[in-house]
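**Q** So you can see what is in the structure, the chains are spelled out below.
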Amino acid sequence: MKILIMGCGRVGARLASLLDSDGHEVTILDIETYSFRRLPPSFGGTALYGNGIDEETLKKAGIEDCDVFVAVTQGDNRNVMACQIAKHVFNVSRVVCRIYDPLREEMYATLGLETISPTKVFSQLLREKIEG
Amino acid sequence: MYIIVVGGGRLGYYLLKALLKEGHEVLLLEKDARICKTITDELGSVCYRGDGCEAATLAEVGTGRADMFVAVTGDDEDNLVSCQVAKHKHNVPRTICRLRNPQNAALFKKLGVDVTISTTDLILEAIEREVPTHPLTHLLTIDEKGLVVVDVKISQESATVGKTVKELSLPEKSNLALIIPAQGGARTPQANTVLQAGDQIIAVTTPESEEALRNALRGI
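Sequences listed follow chains A and B, in order. 73 is the number that my numbering gives to position 52 of the first sequence; each next residue is one higher, with no gaps. 248 is the number that my numbering gives to position 199 of the second sequence; each next residue is one higher, with no gaps.
Just to be clear, a hint being listed does not mean it is correct.
In the DSBU-like style, the derived pairs of lysine-lysine whose C-alpha atoms are separated by at most 35 Å in a straight line are [unchecked claim]:
#: 1; chain 1: A; residue 1: 108; chain 2: B; residue 2: 86
#: 2; chain 1: A; residue 1: 108; chain 2: B; residue 2: 66
#: 3; chain 1: B; residue 1: 202; chain 2: B; residue 2: 80
#: 4; chain 1: B; residue 1: 202; chain 2: A; residue 2: 141
#: 5; chain 1: B; residue 1: 158; chain 2: A; residue 2: 141
#: 6; chain 1: B; residue 1: 158; chain 2: A; residue 2: 23
#: 7; chain 1: B; residue 1: 66; chain 2: B; residue 2: 194
#: 8; chain 1: A; residue 1: 141; chain 2: B; residue 2: 159
#: 9; chain 1: A; residue 1: 81; chain 2: B; residue 2: 136
#: 10; chain 1: B; residue 1: 202; chain 2: A; residue 2: 108
#: 11; chain 1: B; residue 1: 212; chain 2: B; residue 2: 158
#: 12; chain 1: B; residue 1: 202; chain 2: B; residue 2: 212
#: 13; chain 1: B; residue 1: 138; chain 2: A; residue 2: 80
#: 14; chain 1: A; residue 1: 80; chain 2: B; residue 2: 136
#: 15; chain 1: A; residue 1: 108; chain 2: B; residue 2: 159
#: 16; chain 1: A; residue 1: 108; chain 2: B; residue 2: 222
#: 17; chain 1: B; residue 1: 80; chain 2: A; residue 2: 80
#: 18; chain 1: A; residue 1: 141; chain 2: B; residue 2: 86
#: 19; chain 1: B; residue 1: 138; chain 2: B; residue 2: 70
#: 20; chain 1: B; residue 1: 80; chain 2: A; residue 2: 141
#: 21; chain 1: B; residue 1: 222; chain 2: A; residue 2: 141
#: 22; chain 1: A; residue 1: 23; chain 2: B; residue 2: 159
#: 23; chain 1: A; residue 1: 80; chain 2: B; residue 2: 194
#: 24; chain 1: A; residue 1: 108; chain 2: B; residue 2: 138
#: 25; chain 1: B; residue 1: 159; chain 2: A; residue 2: 81
#: 26; chain 1: A; residue 1: 108; chain 2: B; residue 2: 212
#: 27; chain 1: A; residue 1: 80; chain 2: B; residue 2: 66
#: 28; chain 1: B; residue 1: 138; chain 2: B; residue 2: 158
#: 29; chain 1: B; residue 1: 70; chain 2: B; residue 2: 222
#: 30; chain 1: B; residue 1: 70; chain 2: A; residue 2: 80
#: 31; chain 1: A; residue 1: 150; chain 2: B; residue 2: 66
#: 32; chain 1: A; residue 1: 81; chain 2: A; residue 2: 141
#: 33; chain 1: B; residue 1: 158; chain 2: A; residue 2: 81
Hints were generated in silico from the structure; no laboratory data involved.
Bound-form chain B, shown alone (with noise of 0.2 Å):
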C-alpha cells in the first residue's frame, strides 16, 4: 500500500516507523528541513520537504496512485485542508484526520474526511476501560453501518441481576451478543440464560440507544 503521511512530529515520526515495518510503501511529508534531514539521515529517503496542504506538492509525490492519506500535524485546519486537496483533487480513496479538538470530528466527516482520530478520545476511551467501576464501555464504533459494540458490566446492586435475558427490555436495534460470567467461559446469551452479580456483556447498540441499554441492563 501506497501510504502518505502529513506531519513530521513525534507522531507522524513514530507512524512513519511503524508503516514502514509493516512493508508499507510510506512518504512523510514535512515542511522543515531541518526535520527532513534528520528523518532522511536515520530512515533514507522517505521524507520529503513541502507543505502537504499544497496541490502541486501533493502532484510532486504521486498523491493520486495513493491508496492512503493520513494528516497528523497539530494543527487541526492544516489536516483538514490537506486531506480535503488529497480527497478533492487527488482522488485518495482513504483520507485519515489528527484532532486536537474532538469537537471537530462531526464537521471533518461532513467535509469529507473517512476517518477522524481524536487523541483526547482515545484517551479518555481508555481510562474508562481501566477503571473497574465505570458500567458501560465502548470497545468499537462500526461507522458505517452507525453501530457500537460496548460492554457493560452487571454489579452487585443492578437489580436485573437474577433475571433472564428475555425479561430485559432492551432499546431498539441493541442485541446481547456475550456474555463473560466472573467465574467460567465465555457464552453466548440464550432467552432463559440468567444474569448474575460480574457478568460482564458485550452488546451491540447505536450511540443514540447505549444510555438506555446501559439503564435496562442495570434496572433502572
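Here chain A stands alone, though its shape is the one from the complex (with noise of 0.2 Å):
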C-alpha cells in the first residue's frame, strides 16, 4: 500500500519505520526537517519538508495516488484539516485521524472520519491494569 503520514513526531516517525518494514510504500511529511531525525537508518521512505494543510504540498507528497492517509501531528486542529482535504478533495479511501480532544473526536467521527482519541485510549487501557 501506499501511506502517507503527516507529522514526524515519536508516534508518526515510530509508525512510518514500522510499515515501512512491512513493506509498505511511505511518505511522511513534517513542518520540520528536524522532526527527521526520529526516523531510524533502516527507513526506507520518503521524507518530505512541507506542511500538509496545503493541497498543494499533499499533491507533491503523492496524495493522489495513495491508498491511506494518516495524520498524527501535535495539533487536532490540523489533523482534522488535513484528513478532510485528504477525504474530500482527494478522496483517499482510507483517512485516519488522531485527535486528542475526545469531545472533538466524537463529532469528527460522526461527520465521517476515522478518528482516534489517544486521550480516551490510554486513560481507558490505564483503568483496567489498575482495576485489574
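With the hints as a guide, bring the two chains together.
**A** What follows is the structure in C-alpha cells.
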C-alpha cells in the first residue's frame, strides 16, 4: 500500500518505520526537517518537508494515488483539516485522524472521519490495568 | 443579534468593538488570559476565556442561541474547526471564517462554512479598484445565485467604441446593468445605446463568463 503520514513526531516516525519494514511504500511529511532525526537509519521511505494542510504540498507528497492517509501532528485542528482535505478533495479511500480531545473526536467520527483519541484509549487502558 | 467572535487578535478586537457599537450582543472567545483581562478591563464582560474549538466551551457561552459565529484567529485550521463545531454541534445558522490562505475558500465552503473572508483577496480587490487602467473590477459576489457584479471600463483603444449595445456578442447569463459615461449621469443601457470611450459599465455575469464578457466589451 501507498501510505502518507503527516507529522513526524514519536508516533509518526515509529509508525512510518513499522509500515516501511512491513513492505509498504511510506511517505512522511513534517513542517520541520529536524523531526526527521527520529526516523531510523533503516527507513527506506520518503521524508518530505512541507505543511500537510496545503493542497499543493499534499499533491507533491503523492496524495492523489495514495491508499491511506494518517494525520498524527500535535495539533488536533491541523489533523482534522488535513484529513478532511484528503477525504473530500483527494478522495483518499482510507483516512485516519488522531484527535486528542474526546469531544472533538466524537463529532468528527459522526461526520465520517476515521478517528482515534489517544486520550480515550490510553485512559481506558490505564483504568483496566489499575482495576485489574 | 447574538454574535460570537473567536480570536482576540487585532482583527477580533476591532471587530468586537465595531459590533458592540452597532448594538449587537457580542462575546469574544480568547484562549490567552492576559488578552482576556485587557479586553475585559476596557470593554466590560464581553470576553470569555476559553478555546473556541471546544464544544464544551461553546456550550458554556450559549452558542446554541447565537445568530452568527465568526472565527478570526490567525490559523485557518483553528477557524475551520471552530466553525464546524458551531455548525454541527450547536446549529448556528451563519458561520463566518477568516482565511489566511485564499486557496482554502472552496474547501471550507464544501466543509460547511457559510462565508469565508480572505484578507489577501480583499486587499487584492482593493488594489484592482485603485488601479484605473485595470479593465475589469469585481464589485460584488452574489454567492447564492452564482453571479458576480463587475465594472468594465471602455478605453480609447477598445474596438467596441461607437458600437451599439445590440451589436455586442455578450456571453450567456451576462447583462449590462448600467452605463456611466465620462461626462453626464448614469443611464440604463438600451439596445441602441452607443458605447463611448471612457464609459464605465456595470454588468452582471457568472464567474466563468467574466473573461468572455471583458473580451466582448473591449472588442477582442
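**Q** Are the hints correct? Go through all of them and say.
**A** These are the hints, each one checked on the structure:
1. Note on residue 108/A and residue 86/B: the hinted pairing is violated, with a Cα-Cα distance of about 40 Å set against a maximum of 35 Å.
2. The hinted pair formed by residue 108/A and residue 66/B fails the criterion: a straight-line CA distance of about 39 Å is larger than 35 Å.
3. Among the hinted pairs, residue 202/B with residue 80/B is inconsistent with the structure: their alpha-carbon atoms are about 48 Å apart, more than 35 Å.
4. As the CA atoms of residue 202/B and residue 141/A are separated by approximately 61 Å, the hinted pair breaks the 35 Å bound.
5. About 31 Å separates the Cα atoms of residue 158/B and residue 141/A, which keeps this hinted pair within 35 Å; it holds.
6. Between residue 158/B and residue 23/A, the direct Cα distance comes to roughly 29 Å. Compliance with the 35 Å bound is thereby established for this hinted pair.
7. About 32 Å separates the Cα atoms of residue 66/B and residue 194/B, which keeps this hinted pair within 35 Å; it holds.
8. Straight-line distance between C-alpha atoms of residue 141/A and residue 159/B comes to about 30 Å, which keeps the hinted pair within the 35 Å bound.
9. Distance restraint check for residue 81/A and residue 136/B: the Cα-Cα separation of roughly 32 Å lies within the 35 Å cut-off, and the hinted pair is therefore satisfied.
10. Of the supplied pair hints, the one linking residue 202/B and residue 108/A is violated, its CA atoms being roughly 43 Å apart against a limit of 35 Å.
11. Using a Cα cut-off of 35 Å, the hinted pair residue 212/B and residue 158/B is violated, with the two alpha carbons roughly 41 Å apart.
12. Using a Cα cut-off of 35 Å, the hinted pair residue 202/B and residue 212/B holds, with the two alpha carbons roughly 15 Å apart.
13. For the given pair, residue 138/B sits about 32 Å from residue 80/A by alpha-carbon distance, which is consistent with the 35 Å threshold.
14. A threshold of 35 Å between alpha carbons decides the hint, and for residue 80/A with residue 136/B the separation of about 29 Å falls inside it, so the pair holds.
15. Annotation: proposed proximity of residue 108/A to residue 159/B holds, straight-line Cα distance about 12 Å (limit 35 Å).
16. With a CA separation close to 34 Å, the supplied pair residue 108/A and residue 222/B stays within the 35 Å bound.
17. Between residue 80/B and residue 80/A the alpha-carbon distance is near 33 Å, which keeps this suggested pair within the 35 Å criterion.
18. A threshold of 35 Å between alpha carbons decides the hint, and for residue 141/A with residue 86/B the separation of about 33 Å falls inside it, so the pair holds.
19. Annotation: proposed proximity of residue 138/B to residue 70/B holds, straight-line Cα distance about 29 Å (limit 35 Å).
20. Proximity of residue 80/B to residue 141/A is assessed by CA-CA distance (about 24 Å); at most 35 Å being required, the pair is judged to hold.
21. For the proposed pair residue 222/B and residue 141/A, the alpha carbon gap of about 54 Å is over 35 Å, so the pair is violated.
22. Taking the CA atoms of residue 23/A and residue 159/B, the gap is near 26 Å; set against the 35 Å cutoff, the hint holds.
23. Our distance criterion of 35 Å between C-alpha atoms is met by residue 80/A and residue 194/B, whose separation comes to about 32 Å.
24. With a C-alpha separation of about 21 Å, the suggested pair residue 108/A and residue 138/B falls inside the 35 Å cut-off, and the hint holds.
25. Proposed proximity of residue 159/B and residue 81/A is supported: the alpha carbons are some 23 Å apart, at most 35 Å.
26. Under the criterion of a C-alpha separation no larger than 35 Å, the hint pairing residue 108/A with residue 212/B is inconsistent with the structure, at around 51 Å.
27. With a C-alpha separation of about 41 Å, the suggested pair residue 80/A and residue 66/B falls outside the 35 Å cut-off, and the hint is violated.
28. For the hint pairing residue 138/B with residue 158/B, the CA-to-CA distance comes to about 17 Å; that is within 35 Å, so the pair holds.
29. Between residue 70/B and residue 222/B the alpha-carbon distance is near 40 Å, which puts this suggested pair outside the 35 Å criterion.
30. With a CA separation close to 45 Å, the supplied pair residue 70/B and residue 80/A exceeds the 35 Å bound.
31. Annotation: proposed proximity of residue 150/A to residue 66/B is violated, straight-line Cα distance about 52 Å (limit 35 Å).
32. Among the hinted pairs, residue 81/A with residue 141/A is consistent with the structure: their alpha-carbon atoms are about 34 Å apart, no more than 35 Å.
33. In summary, the hint linking residue 158/B to residue 81/A is supported, as the alpha carbons are separated by about 24 Å, within the 35 Å threshold.
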